[in-house]
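S.K.: Chains as they are written, first to last, in my numbering: chain U, 1 to 322; chain W, 1001 to 1413; chain Y, 2001 to 2251.
These are calculated hints, taken from the structure and not from any lab test. Check before you lean on any hint, since a few could be wrong.
[As the list claims (entries may be wrong)] To give a feel for the contact side, a few chain W residues facing chain U, derived at Cβ under 7 Å:
#, residue
1, 1039
2, 1043
3, 1076
4, 1081
5, 1093
6, 1107
7, 1110
8, 1176
[Unchecked claim] What the simulated footprint calls covered on chain U by chain Y, stretch by stretch (three residues with Cβ under 8 Å from a Cβ of chain Y suffice, anywhere in the stretch; the number is not a length):
#, stretch
9, 201 to 215
10, 292 to 305
Backbone N, C-alpha and C fix where the C-beta goes; we use that ideal spot for every residue, glycine too.
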Amino acid sequence: MTRRALAPGTPRIAIAIVFGLLAVSPPFVSSFLQALLTQAVIYAILAMSLDVVLGYIGLASLGHAAYLGLGAYSVGILATRHGAGFWVTLTVGVLLATAVAAVFGLVALRATGVYFLMITLALGMVVWGLAHRWVSLTQGDNGISGVPRPDLGLPWSFAHAIPFYYLVFTAFLVAFGVLRGIVRSPFGATLVGIRESESRMRTLGYHVWLHKYIGFIIAGGVGGFAGVLWAYDNGFVSPADLELSTSVEILLMVALGGRGTLLGPALGAGLIVFLKNLVSVYTQRWLLILGAVYIGTIVYAPEGIVGALRQWTKGERAWAGR
Amino acid sequence: MGGKVIGSILAALVLVATWGPGAAWAQKGPIKIGFLAPMTGGAAQVGKDMVNGLTMWLEEHGHIIAGRKVEVIVEDTQGQPNVALTKLRKLVESDKVQVLAGGLFAHVGYALAPKVDEYRIPMLYPVMAADDLTQRKPARWVVRTGWTSSQPSHPFGEWVVKTLGYKRVVTIGIDYAFGWEVVGGFQKTFEEAGGQIIQKLWPPLGTTDFAPYLSQVRRDADAVFALMVAASSLRFPRQYADAGLKARLPLLGGGTTFDEFVLPSLGDEAIGGISPLIYSAAIDTPVNRRFVKEYRARYGKVPSYYSESCYTTGQWINDAAKSIGGDVEDREKFLAALRKVEVPDAPRGPVKLDAYGNPIQNIYVRKVEKKDGELWNTVIQTFPAVSQFGKYKPEEFLKQPVYDRNFPPCKYC
Amino acid sequence: MREAPALALRLADVSKEFGGLRALDRVSLAVAPGERRAIIGPNGAGKTTLFSLISGETRPTVGRIALFDRDVTRLSPHRRAALGLARTYQITNLFPRLTALENCLLAVQALTPVKLHLHRALTRYPALFERARGVLDAVGLGDKEGDAARNLSHGEQRQLEIALALAGMPRLLLLDEPTAGLSPAESHSMTALLKKLDPAITLLVIEHDMDVAFELTDRITVLHYGRVVADGFAHEVRANPLVQEIYLGAP
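Could you build the full structure based on these sequences and the hints that come with them?
M.R.: Quick look at the structure:
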């Protein structure tokens, strides 16, 4: 095993405490905080999914809101027009996002760096444009309202904030478990290798493109998963969810929390959701504060918050030793 | 997921640092109004106009409604539906407001309406104008004190044919629901009165360079009807003049193309522009003259229809609360009272609601003129007591689909 | 069992142009299985370009390349690696932020189907770890497995390069100046390490140090301005007057 953290237990204990709080605290906080926690957890799933692309493959995408939108519109359209239930919308949402990622990947992964950024941006705008202009299906920029909370045939109703939170939290645990498994698998190791040196991976015998492609598709699918929950949470879907600013926000969540750490992006998502919604209750200068947080991160923790913590506790970015 | 914890701590720190403890919600008994508006982001200036309107009414009346103190909690929607929804939840569940008001942008209106019904709390929409909010998808608890997008267009379309005598018009409308509804309403009555829309152009939202569209405008038209909003309103008249069109084709518009929000930023190229709306700062009544004077004294600018509508919304809440003896906690009673309100002397003129919860009010045809070095929307025609359905029967009108890009179809293009 | 190929590597009239510059000019080369061959020549002779063409990182302008009797001219690098080709780089090309062990693990799993497994943690594949540690031990880095590659000394990084190349159990190994920048002592132990390699591995070595080249290999190919100017056993090449003139600098 590689030499790990000096106090290898510390981060795990901290993580366990946070997870514990997330599991236990919601019934005891105000309903506004419950709403923010729900949003934060959904965004955490989204940010973790983007982390596969940004943190593990090493490509910055500016089109990730597209998958959020595909998942959300699947719910919006199927639930309001066809009365589809949770499992149907979930399946369609995830499959649609996965399929679109499979197509977009063919186009986007021809490029790297800033070109990848621009292509994903353009592809994201295509989906936004569809949502905006395909009025007969999406109701244009008026959006689709009146999405009911899901009914899973369970004895409690997800129309209430607390059960819905636990549904979302469970979804988060599932997404986290799946993504964590993937990044720690041989496949995940391959992605890290590609991030570190694509050319070396190629001569070692890796079909680099194929691995990137698979990673890209997984990120899209999980992004769609978050979108499904997002639509149920808001009860509303509109092109605003797919705007460039949403994609930028997700990217910042990942960068802020620490790319390539999975939990870091989740943390970043929580931070930004709270800054955006809670701090803006108290001051209109919340954007200034958000800006200061970004700059502080870039200057003092270029690897993001969790990245910095790991360096601080001497825990390498190692995956082999765990 | 330390995000929540760190986020809360950070938020708490910020709260302590910037505001200090002991904010508002301690006293007992005030009527709490939750007000949603974009206070940051691209539409922050509109949000400010909205808050100013409501604040002015409350200040003029000592923050007292029906003998009770009034407290307004303003929440920033950032112009985004999901933020608006979150803030709505905060206002209702944490702040326990008795009545809600505000909101900007149609999608925010559509996002909020079902939630407002779910909470069973009355919400007044002074600005959000999407037609279907009070037509095909009305919400029981939403009371609109503003207008529907197509409401001013209906009398205007007919008037353009009958009074101005224009028979062939090209439309240029920003390509989103509000644009479709304003242009659609105009097209419907304009064509029914014998006019012909010979070309419809749809620049996308956020367009600032209109040259590609202006070069396509058919020169065999009698006039151009343009529907602009925000940044595009600021740029359009100049570009229209620069393209050499101003001299050849008179410029008509939707209300927002020339409203008081953009007039101070426009130059002489806007002079002569004709547009209909529920309000003009130049309405020559004692009530409005006083309102404009007072508003200018407070905020240093001419009130926009956003300000007027929110000002009247303050009056509206007052009148309803008074009529039920201040018992706003009885929400059903309060809602019923809100729907019965008639304001005979709002700055914009008399206002009352139709059965669908949308104001029946005057529509003013305004012409941009220069007076004392400033641009004003001189009222050249007043249509009294216009409903959102114009001269149509509601049941008949609602059989047609909501106006969109392709409805009414362009028969003469 | 694979049938023994007639040739491990064959280049037929391979040329490579960069813009107007002809880096390699009608190079033909035949390397038998198990052969140890040195490629020498002054700077700019086209040696590294030759390696890039063989590994597939660049494509020849004209000419054919065959590995183990199979035409690979159009094959991508990873497909060639799958045929049993591995290479090292003159300028160290490692995964600097990963540990030595992680570097080797990537190399070990490269040619196994495991690399596409995403349902199970890497740590659940002890065989991979065993082999990764095996190659680390083989190059003498057994006690450095937890060090990030960027924290290793230059000599250790060169050793790790060799380890990465060996991890895939190649049949043909291209070594680009394995002793570049090493101290005499390090150079010596590197040479000893390379001499111990499985004799079944075909070895192609670019080397500046003539002593190392002569010690490691039995045949030598001399490149000059992109052309093969001499090819033969060490003593023949050494005796070639042209080689002496252009390369060894002796008249």
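S.K.: Are there hints from earlier that the structure breaks, and if so, what are their numbers?
M.R.: Those not satisfied are hints 2, 10.
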